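**Student:** The task is simple: from the sequences and hints, build the whole structure.
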Amino acid sequence: MRCRPRPPRVGIEQEEQMRSPAEWATTGNLLRITRWDEPVMSSPTRPVTDFGDELHQLVADMFRTMAAADGVGLAAPQIDSDLSIFVFNCPDADGRLIHGIVCNPVVTLPEGKDRRLVSEQEGCLSWPGAYQQLARPDFAICEGQDEDGEPVRVEGTGLLARCLQHETDHLHGTVFGDRLSKRSRRRLDEEKERLAPLYPDDWPIHPKRTAGEVDGR
Numbered sequence: 001m002r003c004r005p006r007p008p009r010v011g012i013e014q015e016e017q018m019r020s021p022a023e024w025a026t027t028g029n030l031l032r033i034t035r036w037d038e039p040v041m042s043s044p045t046r047p048v049t050d051f052g053d054e055l056h057q058l059v060a061d062m063f064r065t066m067a068a069a070d071g072v073g074l075a076a077p078q079i080d081s082d083l084s085i086f087v088f089n090c091p092d093a094d095g096r097l098i099h100g101i102v103c104n105p106v107v108t109l110p111e112g113k114d115r116r117l118v119s120e121q122e123g124c125l126s127w128p129g130a131y132q133q134l135a136r137p138d139f140a141i142c143e144g145q146d147e148d149g150e151p152v153r154v155e156g157t158g159l160l161a162r163c164l165q166h167e168t169d170h171l172h173g174t175v176f177g178d179r180l181s182k183r184s185r186r187r188l189d190e191e192k193e194r195l196a197p198l199y200p201d202d203w204p205i206h207p208k209r210t211a212g213e214v215d216g217r
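Just so you know, the UniProt record's numbering puts 129 at position 129 of the sequence shown, and the rest follows in order with no gaps.
Pairwise CB distance ranges (calculated):
no. : residue 1 : residue 2 : range
1   : 29        : 150       : 20 to 26 Å
2   : 150       : 30        : 24 to 30 Å
3   : 151       : 208       : 33 to 39 Å
4   : 153       : 97        : 16 to 22 Å
5   : 201       : 112       : 42 to 48 Å
6   : 112       : 26        : 44 to 50 Å
7   : 27        : 150       : 16 to 22 Å
8   : 110       : 54        : 32 to 38 Å
9   : 97        : 151       : 21 to 27 Å
Simulated from the structure, these hints should not be mistaken for lab results.
Just so you know, these numbers come straight off a predicted model, no measurement behind them.
For every residue, glycine included, the Cβ atom is placed at its ideal position computed from N, Cα and C.
**Tutor:** Printed below as a string of structure tokens:
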């Protein structure tokens, strides 16, 4: 998942008991991010059952790739893996930066009078540069397992709630464009096509181009 740049907030906190995204990234490989029109992005993932070294390397690769792309969340299909896992490093409604790893996630959303939808701009690293307004619940609980197979539970507010929903959608073969009206989806696709020359096919292995580079200036 990607969000539009916002001013830095004071007092952002990190989960101290966990290995940091930067620590994970030091042993990760920078990988190409897949696009929505590739088969892996529309296929349901398979459960994670082996929590060994291969999974840990996948997590490291995901954190490095997410950081290089300036993302706040990344699901395994976005680096061409069919495993049910995502990573995130995302602020909540209070500006606290929360990071984590969730395997085999199950998201629970509020119902009835507790359900409040908030419409905000949403973007995706697999449809780079394009954003559209999308309404989602402003609170989400995500439960699953961490990289070692231990139970994990994340309660998200604000952007973090949106991120948890967005990344879990990916693991079911759903992209946020699937949740848009036909008009909004058309606008999203038009914006993506307009910006496509800025993003090499193997982005972020090769970085985003500037408009000057595209024009040959």
